[in-house]
Amino acid sequence: MIDFSAYGVQTPVVNAVKCPSCGKLFYPAPMICSGCGERRDPSGIIFKDWETVSLSGECTLLAWTRVYALPEGYEMQYLLFGIVEFPNGLRASGRLNVDQPVTGMKVNAEVEVMENSKGKEFDGFVFGS
Amino acid sequence: MRKVSIVGIGHTVFGNLSEFDLVDVMGFASGNALDDAGIRDNRKIVEQVFVANMGGGILNHQTGIASSLVSRMDMEPAMAELIENGPASGASAVKMGYMAIASGLVDVVMVTGGELMRTVTGWEGTDFVASLLHSEAEYNYGLTLPAYGGMFTRMYMERYGLTERDLGLVAVKDHQNGEKNPFAHVRVPCTIDAIHDNENAHVINNYIAEPLRMYGMCPVSDGAASLILCANDSPKMKYFTKQKPILISGVGSATDTHCVHNRKDPLILDAVRLAAEKAYKMAELKPDDISFAELHDAFVILELAISEEVGFFERGKAGDAIRNGVTAINGAKPINTSGGLKSKGHPVGATGVSQVFELVKQLREQGEEGRQVKDPKHGMAVNFGGFGNNVVAIICSKGEV
Ligand SMILES: [Zn+2]
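Sequence lines, in order, name chains A and B. For the first sequence, counting from 1, position 28 maps to 28 in the numbering used here; every step adds exactly one. For the second sequence, counting from 1, position 95 maps to 95 in the numbering used here; every step adds exactly one.
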């Protein structure tokens, strides 16, 4: 397999999308704009694919939990999860890495390469302090 | 539209049935429903079978389950389809049964819901249900239904001042009912002292998804339930003399955003409210008319939140109801008389069918000693799919045919 990473440093990213007609932002990406009805075409062949806007940085913690029931093989005792809201109004779920989470606190959304429970890599949010 | 009644009900025990075959378990419940309806020998009058199941393909490596069930029950050439709507598959199948008859297409339908979840490990079962979440924005992270249950519980507690003790009281009430239900999975008594007040309570009632504890969550269960439906105006009604028919008076369902984070106020369960409103409108009933209800308490907080969303209590006030015994079996609005998902168990595809089974049992006044609602007239079931993204409400009523 050719290692394309040699051609440029891959920075993990989570993208929101922007409707090309009315400018409304979405995360995750829908197939139709709830603002104006514009369709999105992920292939970019029939309709334009939509402009992406990377999501990260300061946000507000809306909800959180500490989960103790984890897949076999996980070394840690628990995982923290949260839902945040960004200043542009978009919200996201993700992993949380804060010692003493408090609803309403400011956190910082960073994007890291992580693995899902099937071992598949993806770029995802870690909300830290 | 034609009126449709439930004329037969069947149930298996809920619990660990993993040594059995999925279709056999469904077949056993179906046989119980045929017998209860008095049509074992006339079973070929069933023209349509709807099967509710969520995980046969994933957990049991079995597909085409509806065709398999029909054949195993010697009910060919009945039409047969599988309904998969996540944890609301059961009530969705009841809704499809209602629709098939109300439309005039058929007169007699069998609805059977079943699930075998304990054939895999606890985590694999949780991971399987989590596959209904958004694959990229939710599931990938290791988020599960209990994780969303935990976040929802915390938001509710912080906004309305609900306590962990209040959550414990829901479990205690559910177990009081479930203990008397011969089909319930967890029939052990549960006291507020043992799960909350006692200094060692948190050893047995540990956190699963803070602030949700073990006694705030339903068990992982196997089991099946089945119903026979018939049109009130059908000549085939003559076969059903064994039991008093119970009318399906209201049916409604609604959807909400796939991602929980995209709801303007994640504590507002739009799909629950809209499903209930449709069912009330069809039945020409109001929340106060409902005598008792089966509400989808996969997490005990959901019993409280759903009871508010369907209009039984004001927003934020369901905690008062549980503290004051309003939802107990002898209270003004008994909830989860079967023990609910918490005590009876939650074989996902079976749950909605089992909820309606309980409505019929109560309306026939066939509840066991100590868990029969006094003089019930109308019962409501709310079957909650996803984390509230697809919800089905069904109202059944005692009434003349
Ligand atoms: Zn638009």
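Hints may contain errors.
Below, computed lysine-lysine pairings styled on BS3-like, alpha-carbon distance capped at 25 angstroms [said to hold, decoys possible]:
no.: 1; chain 1: A; residue 1: K18; chain 2: B; residue 2: K264
no.: 2; chain 1: B; residue 1: K281; chain 2: B; residue 2: K3
no.: 3; chain 1: B; residue 1: K180; chain 2: B; residue 2: K398
no.: 4; chain 1: B; residue 1: K242; chain 2: B; residue 2: K333
no.: 5; chain 1: A; residue 1: K24; chain 2: B; residue 2: K264
no.: 6; chain 1: A; residue 1: K106; chain 2: B; residue 2: K264
What the hints contain is simulated information worked out from the structure, not anything from laboratory work.
Below or equal to 25 angstroms on CA atoms is what counts here, so check K281(B) against K3(B).
15 angstroms, holds
Between K18(A) and K264(B), is the straight-line Cα distance small enough, at 25 angstroms or below?
Holds, because 19 angstroms separates the two Cα atoms, which is no more than 25 angstroms.
Could you grab the alpha-carbon distance between K106(A) and K264(B) and see if it respects the 25 angstroms cut-off?
19 angstroms, holds
Below or equal to 25 angstroms on CA atoms is what counts here, so check K180(B) against K398(B).
Satisfied, since the Cα-Cα distance of roughly 23 angstroms is no more than 25 angstroms.
Just to be careful, I want the Cα atoms of K242(B) and K333(B) compared with a cutoff of 25 angstroms; is the pair within it?
Violated - the C-alpha atoms of K333(B) and K242(B) are around 29 angstroms apart, more than 25 angstroms.
Just to be careful, I want the Cα atoms of K24(A) and K264(B) compared with a cutoff of 25 angstroms; is the pair within it?
16 angstroms, holds
When the structure is compared with the earlier hints, a violation turns up for hint 4 alone.
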